[in-house]
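Participant: Line order of the protein sequences matches chains A and B.
For the first sequence, the positions run 1 to 112 when this note's numbering is used.
For the second sequence, the positions run 113 to 974 when this note's numbering is used.
Since the hints were derived computationally from the structure, they do not count as laboratory data.
Glycine included, each C-beta is placed from N, C-alpha and C at the ideal position.
Don't take each hint at face value.
With the C-beta cut set under 10 Å, the calculated list includes, among others, these residues of chain B facing chain A [claimed, not checked]:
hint	residue
1	Met135
2	Glu139
3	Asp141
4	Tyr161
5	Asp165
6	Ser176
Away from chain A, derived, C-beta distances all over 10 Å, residues of chain B [unchecked claim]:
hint	residue
7	Lys338
8	Thr352
9	Thr354
10	Pro372
11	His391
12	Met569
13	Lys663
14	Glu718
15	Phe824
16	Lys880
17	Glu923
18	Met942
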Amino acid sequence: MKRVGIGEFEELVLLTICVLENDAYALDIKDEVENRTNRRMNISAIHTTLYRMEDKGLLQSKLGEASQVRGGKRKRLFSVTSFGLKSLAEVHETRSRLWSDIPANILKSLHT
Amino acid sequence: MKQPTPPRLFQKLLSKMFSNSTMEELEGDLLDDFQRNHVKYGSLRAKIYFMLDVVRLTRLVPRSRRTTQNSKTMNNLFLFNLKYSLRSIKKHRVYQSLNIASLTLGFTCFSLIYLFVYDQHQKDSFLSNPESIVGLNVIHEGKEGIGIHTGIPHLLKKDIPEIEKVSRMNSMIMEVSTTGSQESFTESVLSVEPDFMDIFQIETVLGERFPKEAGTVLISEEMAIKLFTSAEEAMGKEITLTFNNKPSKKHIAGITRNLPVNSSYSAQIIGQPGNYQKHSDLNGMVTVSLAAFFKLMEGTDRTELANRIPETLKAYTERTSILNTEYKFRTLEEIRKNPQIAHNFIQSVDAQTLLIFKIVGFVILLLAIGNYVNLSTALTLKRTQEVGIKHAMGASRKNLMSQLLTESFIVGGISVLFSLLLVLALLPTIETYIGLEIGMELQSRYWLIIISILSLMALVILTSLYPAILFSTTKMSTFLKGKASNSPKSQWVRSSLMVLQFAISTFLIVGSFTFLKQLRFINRSHNLNKLENVIIVKGDIGNQKSIIAQKLNSLPEIDLISFSSFIPGPADNGVRGLGTSDFKSSFDLYIIDTQFLEIMGLRITEGQDFFRDDRNKTHHVLVNQAMIENIKEGHPLGQEYKLYGEVPSQVIGIVEDFPVGSIKSEIEPAMYMQAEVNEQLPNTIKKLAIRLNTNNPSEAIKKIESAWLEVFPDQPFEAEFIDDRIAKVYTDELKMGQLFGIFTGVAILISCLGLVGLLTYLIQTKMKEIGIRKVLGASFSTLARLLTLNIWKVLALASIISFPLSYYFLEDWLTSFVYRTEISAELFVMTLAFFVLIVGITVFWQIRNAVRVNPTEVLRNE
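Same shape as in the complex, but just chain A (with noise of 0.2 Å):
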């Protein structure tokens, strides 16, 4: 299998996906981060990282309701596909071993 590399702010985006349940819509997944981080973040670089993730093959993605909030615009909601799950699995249980690697006396700082 292909690998794909992801980055730091497409890890934050995917997770925020997986933390949102899925289907979620780029203007939900931007509350989040914005929420989380304590960043504003712009609703275009949400889109564009979302869309490189599909293209990826990260993501998959779906068309919502028509309603009539936003003059019939529908939403797009998107969701991690099994490739992005495992993905992530990857990169957190790399940080995980590494973090568990590291020795005692330099986690002494981080306490103190």
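Here the structure of chain A is known, so what remains is to put chain B in place on it, guided by the hints.
Facilitator: Frame of chain A, contents of chain B only:
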């Protein structure tokens, strides 16, 4: 409360950017975002964010333009393309094999021709400053003669500072053998002066730089290995050089390095300069011409220098034949391109011939490529439904194009591979056939092969772009309806390609037939029929003449015999370079007997033959027609000229020209002296011409041989038929004619392949129509007329274009011959008839197939 709205302009921009795309959610998302920002940060910041977001989103525009719902199977898979292409080639194997055949033929011919042309271009590239190496020629009456008066070169060297080095040169074909050995071979032996080695940049491997001492020669490494196994072995050994049956022994004083393979000249055996001193006086009676080569100072203006020659020579002579002529320095390149001014020392190829071959090469390539485009376009249009389905499955334009290009890559690759193999297989045969070896370093050969493979492949890919674009741009709906084949644009392109092909083929056919006709005409003009039974025996006959004559006359198979010094033909016009101040240039001298003219089939045109009674005088001579032009003043008949003897020679008759030389060159002037009455002359008798009156020449030759060996036991019997001998002169032209014929054949074959392919395609697309017409009761002839109407139009147009053009070019070419044939109208008619026949046969064959099929089968096939 009024709903806040983002800036109108950017809203419009946004909807423009992503309209018609599947990314409609962007607009809504941005709008939502704006509302929220408005609440959070206020109107101004929300507006700024909105604008910035719109600008940032522009980078998503290309993505939205892509057909986002691409099917993964159609998405740029090289292996898939490859597999698919192979299948499709297999499916259309008839067309594709026609394609491959015509491309292979075209590429092979083109590569062969271009190998030779390239080889000619890189000749002598190893020389440093080749421009400075020149030969000096004189121009007499607009005709350029090789070489100059022997006295001139050194006088020029003395007085003109721009001339750095000078060497006179004479080359003679001699029999070479190691002394004492029976085996011998012929090789040209150069007699040159010391500067020659510097002028032609010949290096020494062993021994002397120049054969200074009498009786010594230098030989090349190659020659040393041939004669003595190695260069070291050869040093100081003795070899025997035989010229005119006179052997002379030479010591090897040095070994020269082999010249590079791409040199146009060869110097295998280098001997000492001849004794030119006695003829060097510019005012002397006898004029001997010799080739002379110079090395000029760098940057010398050759023309200006040559114009200064007469002035320089004024100090030494008053002869108008020397002062009033035009001199010309010829560079190696000029000599190489013009056999008329080349000695046998420098290998030359006629520039015009080279040009003709270049054109033919290009034409053949053009034909093959045109054919390819034509056929593959036709093939593409046949596959409309396939393309439609692919489109429907989400294949993009890029996918379709890459699919087609992969196919042509495969077809082109196979053709290039085949033609590479063909070239490699044919090259040795052709090299020996035309007697020109491709002298190229191995490395440059490989480079050439790689470059030509790449460029030919590039060419194939480029030309298949047209069908590929056509293939991919037509709308899906038209494809599915199967209408693309009727697209007028593609038909126009294909028709004009066809016209071009036909026009070129017509030109080639007419051209090659006229060429062959010209050759036949020349053969006829030589009276070779009369000479069919004449054989020539050579040897030192001298005083034994009457003895052998008596023996031979008793043989019943022999009709007539004649003794002479020379026989017209190649390399035997022995005493060239004779001439005195009464003649414009030197002429050939033949010592003949009374039967000579009859045996050679020559008639007296003016005056009369030698007298057979007591009116005959020793000073009576005959001249040929060409001599009339060679006299400075008046008409030669009845005139007296001081030549050799005490008594001036008197011209009593003019003899018909015996045309020898190249088919393009003019007849050399000649003088005929009689042998019988001149005491000095019998020694010069070296040729015996015998006319046979038998159907069994080999039997007669055996008898003559035994008679000859009885009289001359120590001389080998060498006989040949005179027509063979003369034919040798024309072998170059004959071979060129044959090669030209072969290439024409290839060109015609390519056009015919294209024609067959196209007709087949045309008829297959119209199968349904034929079916309907048949059901309605159309006859065979109606169908044939209907199907071929377009082809006839194309053919007519091609004829209109090509006939006048070919007439013009051939007329121009024929004027360069002394004896020339006319372009016949039948030829044009026959060419046209030939094409009509080809079209007829193909159409007949195809229609027969079409007619045989039950109409219901075709009509049901939906």
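Participant: Each hint should be assessed against the structure and marked as holding or not.
Facilitator: Going down the list of hints, with the structure as the test:
no., hint, result
1, Met135, "holds, 8 Å"
2, Glu139, "holds, 5 Å"
3, Asp141, "holds, 5 Å"
4, Tyr161, "holds, 7 Å"
5, Asp165, "holds, 4 Å"
6, Ser176, "holds, 9 Å"
7, Lys338, "holds, 67 Å"
8, Thr352, "holds, 81 Å"
9, Thr354, "holds, 82 Å"
10, Pro372, "holds, 56 Å"
11, His391, "holds, 90 Å"
12, Met569, "holds, 31 Å"
13, Lys663, "holds, 99 Å"
14, Glu718, "holds, 98 Å"
15, Phe824, "holds, 93 Å"
16, Lys880, "holds, 45 Å"
17, Glu923, "holds, 69 Å"
18, Met942, "holds, 66 Å"
Checked against the numbered hints above, the structure breaks none of them.
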